[in-house]
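Q: Sequence:
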Amino acid sequence: MRKKAFKAAAPYTFPVLMGYLFLGIAFGVSLVSKGYHFCWAIFMSLIIYAGSGQFLAVALLSGGASVLTSAFMTFMVNARHLFYGLSMFDKFEGMKAKKPYMIFSLTDETYSLIYRTKVPEGIDKNWFYFFIALLDHFYWIMGGAIGALAGSLIKFNPKGIDFAMTSLFIVIFVEQWESAKSNLPAILGIVATVAALMLVGTKEFILLSMIIIMLCLILLKGKLEPKLKEDTSC
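Residue 275 is where the sequence shown starts when you use the working numbering, and the numbers rise one by one after that.
Incorrect hints may have been included.
Stated by the list, open to error - Label-pair distances were calculated between CB atoms; the ranges are:
no., residue 1, residue 2, range
1, 396, 349, 36 to 42 Å
2, 373, 476, 33 to 39 Å
3, 450, 492, 16 to 22 Å
4, 343, 452, 38 to 44 Å
5, 476, 311, 30 to 36 Å
6, 478, 340, 17 to 23 Å
7, 321, 482, 27 to 33 Å
8, 363, 285, 22 to 28 Å
9, 494, 449, 30 to 36 Å
10, 475, 340, 23 to 29 Å
11, 308, 461, 37 to 43 Å
12, 378, 276, 15 to 21 Å
13, 275, 445, 17 to 23 Å
It is worth saying that the hints were derived from the structure and are not from the lab.
Ideal Cβ placement from N, Cα and C applies to all residues, glycine included.
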């Protein structure tokens, strides 16, 4: 059962592999360039597992910020993950011992895959979702380790590598747009993000945009729910 679930889940994670590998490498190179030992890249990727948060932590710590300040800023940058869990009650039902890890490993890309991917017939849902999360996490750790080792041995300019995450977001968005029965949630997301950006600027718009999106989705729940259930039915 587990072997079948693993084989079924792996192909869905390959786009994430490409994005996480290059972005993880960029993180590893950035970390060691600030004077940290390469082992910290593996440790942070294993325990923190937050792409933008890890880049921010490196910048803050190398700039003299306290661990507490770095932890708080990392939390704020990734506060959008609080909203992800609201739509995962049904998906994570019956996870039992796997649930804590599933909550921990719910990154942007993992959330997108789990939320949108239909479980193949004959495959255990819980193990399928678990292996998607586990593989994505492994890719991120692997990328960080490779980047840190390479950065400690070879000196080069990593400028531009971090665009891999932006590219990955675009690919996932386009795939969802083409496959969704209703594109209204995506349109709401774009409009809310632009509105929040205009209201509060680049530093604080993420949390505000997520609040606006959630309020809109709650108000339009009756209209959207039938189509969303059709999209995500397993």
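Q: Next, verify each hint and record whether it holds.
A: For each hint, the structure was consulted:
1. 396 / 349: 36 to 42 Å: 40 Å, holds
2. 373 / 476: 33 to 39 Å: 35 Å, holds
3. 450 / 492: 16 to 22 Å: 20 Å, holds
4. 343 / 452: 38 to 44 Å: This hint holds: roughly 42 Å between Cβ atoms.
5. 476 / 311: 30 to 36 Å: Given a distance of about 32 Å, which is inside 30 to 36 Å, the answer is holds.
6. 478 / 340: 17 to 23 Å: 21 Å, holds
7. 321 / 482: 27 to 33 Å: 29 Å, holds
8. 363 / 285: 22 to 28 Å: 27 Å, holds
9. 494 / 449: 30 to 36 Å: 23 Å, violated
10. 475 / 340: 23 to 29 Å: Roughly 25 Å apart at Cβ, these two residues keep to the hinted range, so it holds.
11. 308 / 461: 37 to 43 Å: Holds: the Cβ-Cβ distance is about 40 Å, inside 37 to 43 Å.
12. 378 / 276: 15 to 21 Å: 20 Å, holds
13. 275 / 445: 17 to 23 Å: About 31 Å separates the Cβ atoms of residue 275 and residue 445, which means 17 to 23 Å is violated.
Violated hints, in rising order: 9, 13; the structure is consistent with all others.
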